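Asks: Here is how the chains run, residue by residue.
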Amino acid sequence: MNDTDPTPATAQSAETTMLLDPTSEATPSERTRTPRKPSLDGLTVGLLDIAKPRGDVFLDRLEEHLGRRGAAVLRFAKPTFTKPAPADLRHEIATQCDAVIEALAD
Amino acid sequence: MFDRGWTDGLPVVAPTEARVARMLEGTTRSPGDVVALMPPSLVECTVEKVAVNAVLAGCRPEYLPVVLAALEAICTDEFNMHGVLATTMGVGPVFVVNGPIAGRIGMNSGINVLGHGNRANLTIGRAVQLVVRNVGGGMPGGVDRATHGSMAKLSFCFAEDEAASPWTTLAQDRGFDPSQDVVTAFCGEAPRILVDQHSRSADSLARSLADGLRSTVSPRTVMGMDGMLVLSPEHMSRFRNAGWDRSRFMDELGAHLMVETNDILTGSRGIDDGLPATMAGLTLPKFRPGGLLVVHAGGPAGLFSAIVGGWLNGPMGSDPTSREITP
Chain R
114 MNDTDPTPAT
124 AQSAETTMLL
134 DPTSEATPSE
144 RTRTPRKPSL
154 DGLTVGLLDI
164 AKPRGDVFLD
174 RLEEHLGRRG
184 AAVLRFAKPT
194 FTKPAPADLR
204 HEIATQCDAV
214 IEALAD
Chain A
476 MFDRGWTDGL
486 PVVAPTEARV
496 ARMLEGTTRS
506 PGDVVALMPP
516 SLVECTVEKV
526 AVNAVLAGCR
536 PEYLPVVLAA
546 LEAICTDEFN
556 MHGVLATTMG
566 VGPVFVVNGP
576 IAGRIGMNSG
586 INVLGHGNRA
596 NLTIGRAVQL
606 VVRNVGGGMP
616 GGVDRATHGS
626 MAKLSFCFAE
636 DEAASPWTTL
646 AQDRGFDPSQ
656 DVVTAFCGEA
666 PRILVDQHSR
676 SADSLARSLA
686 DGLRSTVSPR
696 TVMGMDGMLV
706 LSPEHMSRFR
716 NAGWDRSRFM
726 DELGAHLMVE
736 TNDILTGSRG
746 IDDGLPATMA
756 GLTLPKFRPG
766 GLLVVHAGGP
776 AGLFSAIVGG
786 WLNGPMGSDP
796 TSREITP
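Protein chains in written order, with this note's numbering: chain R, 114 to 219; chain A, 476 to 802.
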């Protein structure tokens, strides 16, 4: 501002600048978690290998432990760890399993 | 705007209605057009949202078509921006622009081509990253948990020096006509310089470049990771003087990029990382066919070239992806 600026100081400070939102403006939907299972006995547990090296080593051990505790185990694998699990695979796991464990590795 | 999480850590230009309206004049596309489903959240991203982020990034309206085409290129199954963002490796989308648009909007293909000093180069790459961050939700510390990250994740976009190149362009090599404006997205790290100030013959320089390229990502990887070589004008002069065209160069370079798998088996030379023993006794190329992109760019003086290491390629990772830039 200087003496030649015709805008009164009070008017300028009261101005608001409208900014456009650069985000998606979407809010994630919240869902309640499935209640924790009281026991593994009789459950079907899915083991999802994300296709990282040595993920199978970890999941093999989990399968042994789960078997000893009375759970049936189904094994699943993502085609690649770099992409989200395909919808069909997610559907398969959701309809066949009571719980799922996903293995990261390296 | 910092507090709202809209920036990459640098100041941004406030996206006022007037500025966004001006930005939208840079394209003939309607503001409501959906450009892509933006990873990682896979939400619809409109031309208007891209324009808002292009303002934030500091773009001029005439850059907007390049930003739009770049986003279309990365939001494909073949480029796999989701994986490029989510990997802990410090890679990002690297963009090479070919065609008359590069000169028309003032992109740099010369001095400091991979560095600072040019508004179009820096703000186009930045705008793309801001869209992924703001629209897609790909926040560092959120889905983006890169171990080191790299400057390639801030902005990495440049033009090929076509006028001074004796070779066909990168876009031509990928099936486009020289009259077309094209952006090619490559998943890469930040560049590093390869020095060779003594090779006077094309053969010596090809051998020397091959030695450097063998170490991209890791000397113990073959075929699974792509690479990019940015040849400087002075290095290019060696091949020009020898009468080598792009095809001859790729053949000669490829011959020096053959790797004996016995040298990089797991456990060899006391290193656990490497190929499984089942791959012993083979001779394999460092890069899969088409897995090394070669571009001519850089200042007129300097016997250096630049190497950009890639990431996991093919259906398991990311493939270089080109799109025509349309108004």
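Because the hints were derived from the structure by calculation, they are not lab data.
On a predicted model such as this, the values are computed, not experimentally measured, just so you know.
Just so it is clear, CB atoms sit at the ideal spot from N, CA and C, and this is done for glycine as well.
There may be inaccurate statements among the hints.
Partial pick of chain A residues on the chain R-facing surface, computed with a CB cut under 10 Å [stated by the list, open to error]:
{"hint": "1", "residue": "Pro490"}
{"hint": "2", "residue": "Thr491"}
{"hint": "3", "residue": "Pro514"}
{"hint": "4", "residue": "Gly611"}
{"hint": "5", "residue": "Ile668"}
{"hint": "6", "residue": "Gln672"}
When the alpha-carbon atoms are kept at most 25 Å apart in a straight line, the in silico SDA-like pairs for lysine to any residue are as follows [claimed, not checked]:
{"hint": "7", "chain 1": "R", "residue 1": "Lys196", "chain 2": "A", "residue 2": "Gly616"}
{"hint": "8", "chain 1": "R", "residue 1": "Lys196", "chain 2": "A", "residue 2": "Glu492"}
{"hint": "9", "chain 1": "R", "residue 1": "Lys191", "chain 2": "R", "residue 2": "Arg203"}
Asks: Each of the hints needs a verdict: does it hold here or not?
Replies: Against the structure, the hints:
1. Pro490: holds, 5 Å
2. Thr491: This hint holds: Thr491 (chain A) lies near chain R, its Cβ roughly 6 Å from the closest one there, short of 10 Å.
3. Pro514: holds, 9 Å
4. Gly611: With a minimum Cβ separation of about 8 Å from chain R (threshold 10 Å), the hint on Gly611 (chain A) holds.
5. Ile668: Hint on Ile668 (chain A): violated, closest Cβ of chain R at ~29 Å, above 10 Å.
6. Gln672: violated, 39 Å
7. R:Lys196 with A:Gly616: holds, 18 Å
8. R:Lys196 with A:Glu492: violated, 36 Å
9. R:Lys191 with R:Arg203: holds, 10 Å
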